[in-house]
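If you want the building blocks of each chain, they are given just below.
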Amino acid sequence: MKRAFSIFSVITAVLLVYGLYQALVGAPTERTMGDVQRIFYYHVPSAWTAFCLFLTNLVASIIYLIRKSAWADALAVAAAEVGVVFCTIVLITGPIWARPVWGIWWTWDVRLTTTLVLWLIYVSYLVLRRFSDTAQTPILAAVLAIFGALDVPLVYFSIWFFRTQHPQPVMGRGGSLDPRMLHAFLINLLAFSCFGAMVCWARFRLEQLKRDVDQAHAMESLAGASEPAKASLPLSRSSR
Amino acid sequence: MNSFWDLMLATLVKDIRLEWRSKDALNSMLFFSLLVVVIFSFSFDPNAEESRQIAGGLVWVAFLFASVVALNQTWARELRNQVLDAYRVSPAPANALFLAKALGNFIFVILLEAVMTPLFIVFYNLRALGPAWQLIPVGVLGTWALVVNGTFFAALSLRTRSREIMLPLLLFPISIPAIQGMVEATRILLAGDGSARFWIVLLLTYDVVFTTACLGLFGTILHAE
Amino acid sequence: MNALAFLFAAYIATWVIHAFYLGTLVRRFSKLRQQMKELGKGK
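Protein chains in written order, with the working numbering: chain A, 1208 to 1447; chain B, 76 to 300; chain C, 1018 to 1060.
So here's chain A without its partners, still in its complex pose:
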C-alpha cells in the first residue's frame, strides 16, 4: 500500500509539473484576456476537485448513516477538510482573475456564489466536528452533510434566477478553446484530480492513525485503572 502511494505521488508530481509548464508556456496566450487568462488552468480544475471531494464526503456520510462503518466516517472527515482547502483556492483565484479582466473583485455569478455557499457549509461542517467530540459526532456531521447537499441545488437555482433579473458581468472563458488550450486544461484537470485524491488519501490515513492512537490511549487508561481496583479486592472480598 505504501509503495503504491509513493508511485502515485511521483506520477501526480510529474503531472503537476507538466501541467504547470503547459499552463504557463505550452498554451497560447488568449486574445481578449491576455496572459491573466492562464489562471483558468488552475481555477477550474481546483473547483472540479473540490466538488468531487464534497461529493465523496456526501457519499461517505450516507454510507456511515446506513452502515455505521468507521472507515466511512474517517473518509468523510478527510474529504471535507481537503475539499475546503481546494475550495478556498477556488475562491481566492477567482477574484484574482476577475479583477484585471472584468475590473471587479467579486460578482454574484452563479458558479462563484454556489462555491462560496458550499465553502460556508463545509466550514460549518468542520466547526461542528471540532466543537463536538462525542460518540454522536459522526452521525450529527453526516446529517449536516445531507442538509448541505439538499441546499446546494436550491442555492444554484435561486442565484440563477436572481441573475436573470439583475444582469451582472459573466465570469467565464468565453468562446471556444484552441486545442493546445484544451490540452493544457485537461492535463491540469487530471493532475489536480490525482493531487486531490492523493491528499485526501493521506488525510484519511492520518484520521485512521489518530483513531488508533485514541484507542490505544483508552486501552492504556483502562489497564492503569484496573490496578488500584485489584489492590482493593482483598478488602472487599473475604474469600481471598
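Warning: the hint list may mix true and false statements.
Stated by the list, open to error - Heads up, simulated DSS-like pairs for lysine-lysine below, C-alpha to C-alpha not over 25 Å straight-line:
(1) LYS1054(C) / LYS1275(A)
(2) LYS1048(C) / LYS1209(A)
(3) LYS1054(C) / LYS1209(A)
(4) LYS1417(A) / LYS1058(C)
What the hints contain is simulated information worked out from the structure, not anything from laboratory work.
Quick caveat, the model's predicted, so the values are computed rather than measured.
Given the coordinates of chain A, work out where chains B and C should sit on it, guided by the hints.
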C-alpha cells in the same frame, strides 16, 4: 396516527402555557426586537425610494437575529429536566416532539415579527407599491424556513461546545437560498418591481424539502449513540 | 505588465496554500507517530 397529533398538541400547548405563565422569554425578546429596529434605524437612514429597495434586507436580517435568540432556548427546558432522555427510551414518536417545538418557535417568532413590522413601517415610512397581501405568504413561508431548520440545528447543537454560537454557524449557510427568497420577494412587493411569484415558489420548495429532511432525520439525531 | 502580477499571485497563492496544508498534515503525522511510540514503550 391519533397519538402522534395528540402528543404534538399536548407538548405545544404545554410549552405555550409555560411560556405565557412566566413571560420572561417573551418580554425580553420583545424588548430585544425593539432595540434591533431602533439600532437599524440609526445605522441606515435612507430616503423613501431607497427604503423600499433595502427594507426587505433590513427587516429579514433583524428577524433572523431575533429568531436566533429565540431558537437558542428551544431545548433549554428539556435539557434541564432530562426530557430528551425520556423520549429516547419511550416509544413516543420523536417527530411529535420536533413538530411541537418547531410550531412553538414559529408562533413565537411570528409574534415578534408582528411587533417589529409596524415599527419598521413607522421608522422607514414604508408603503407597499406592489400587492401587499403577498407579504403574508412571504412572511409565513420565510419564518417557517428559518424556524424549522433552526429548531433542528438547535437540537443538533445540544451535544457541542459553545452551543449558542453553533446554532447560527450551522443555520446561516443552509438558510441562504431562503433568505435570498424572503429579501427579494419583500423588495419586489415593496417597490412594485415585477412579480414575486418565483421567490414565493422557491420559499415553498425550500420549506417542503427541509421540513421533510428535518422530520426524516430528527429521530436519527435524537437516538444517536 | 500589471496583469502578469495577478497571474503569478494566483499561482503562488495556490501553491502556498497547498504547501501550508501539507505541512500541517506532516506535523500531525509526526506528532501521532510520536504518541504511538510512547504508548508502545509504556506497555
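Outcome of the hint check:
1. LYS1054(C) / LYS1275(A): Judged against 25 Å, a Cα distance of about 30 Å means the pair is violated.
2. LYS1048(C) / LYS1209(A): The given pair, whose Cα atoms are some 19 Å apart, holds under the 25 Å limit.
3. LYS1054(C) / LYS1209(A): holds (20 Å)
4. LYS1417(A) / LYS1058(C): Holds, because 18 Å separates the two Cα atoms, which is no more than 25 Å.
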